[in-house]
Amino acid sequence: MAEETIFSKIIRREIPSDIVYQDDLVTAFRDITPQAPTHILIVPNVLIPTVNDVTPEHELALGRLFTVAAKIAQQEGIAEDGYRLIMNCNRHSGQEVFHIHMHMVGGRPLGPLLVK
1 MAEETIFSKI IRREIPSDIV YQDDLVTAFR DITPQAPTHI LIVPNVLIPT
51 VNDVTPEHEL ALGRLFTVAA KIAQQEGIAE DGYRLIMNCN RHSGQEVFHI
101 HMHMVGGRPL GPLLVK
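Residues in the sequence shown are numbered from 1 upward in steps of one, following this note's numbering.
What the hints contain is simulated information worked out from the structure, not anything from laboratory work.
Glycine included, every Cβ here is placed at the ideal spot set by N, Cα and C.
Don't take every hint at face value.
[Said to hold, decoys possible] Per label pair, the in silico range of CB-to-CB distance:
hint	residue 1	residue 2	range
1	R12	P109	35 to 43 Å
2	T33	P109	31 to 39 Å
3	K9	V54	16 to 24 Å
4	R108	E14	29 to 37 Å
[What the hints assert, rightly or not] When the alpha-carbon atoms are kept at most 20 Å apart in a straight line, the in silico EDC-like pairs for lysine to aspartate or glutamate are as follows:
hint	residue 1	residue 2
5	K9	D31
6	K71	D81
7	K9	D23
8	K9	D24
9	K71	D24
10	K71	E4
Let's have the full structure, built from the sequences with the hints guiding it.
This is the structure:
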């Protein structure tokens with residue numbers, strides 16, 4: 001079993017967080033160091049350390065990440081202008097918390113995906 005993360009504690013509401021959505025499969029909350037006017041993390045409630053650890057049993061929860069992202073984008077008023085969904089895998093990508101999560105960023109033009 002993977003080691004528990006800060007996200008696990010947020011999901012269980014043991015740590016205060018600005019939760020914008022929660023159901024039996026996923027939880028979404030505002031990033032504490034936002035990189036854009038809207039910066040929300042969407043995480044599966046089950047602990048999956050990295051994308052490399054995904055198995056077929058995770059498909060329903062991971063699909064829910066996207067349907068929840070679309071719902072939140074509408075609620076946040078960023079759906080029409082656009083937003084970016086980012087998932088990092090392991091250290092070279094910048095993954096800091098080893099509980100797979102999707103960053104939803106938007107609310108302003110975001111520029112190029114990668115800097116050369």
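Here is how each hint holds up against the structure:
1. Between R12 and P109 the C-beta distance comes to about 36 Å, which sits within the given range of 35 to 43 Å.
2. Between T33 and P109 the CB atoms are about 20 Å apart, so this pair departs from the stated range of 31 to 39 Å.
3. The given range of 16 to 24 Å is respected by K9 and V54, whose C-beta atoms sit roughly 22 Å from each other.
4. Checked against the hint of 29 to 37 Å, the C-beta distance between R108 and E14 comes to roughly 33 Å, which is consistent with it.
5. Note on K9 and D31: the hinted pairing holds, with a Cα-Cα distance of about 15 Å set against a maximum of 20 Å.
6. For a cut-off of 20 Å, the pair hint linking K71 to D81 stands: about 15 Å separates their Cα positions.
7. The hinted pair formed by K9 and D23 meets the criterion: a straight-line CA distance of about 15 Å does not exceed 20 Å.
8. A C-alpha spacing of about 15 Å is found between K9 and D24, which places the hinted pair at or below 20 Å, so the restraint holds.
9. For the suggested pair K71 and D24, the alpha carbons sit about 16 Å apart, so the restraint of at most 20 Å is met.
10. Only pairs whose Cα atoms come within 20 Å are accepted, and K71 paired with E4 is rejected, the gap being roughly 28 Å.
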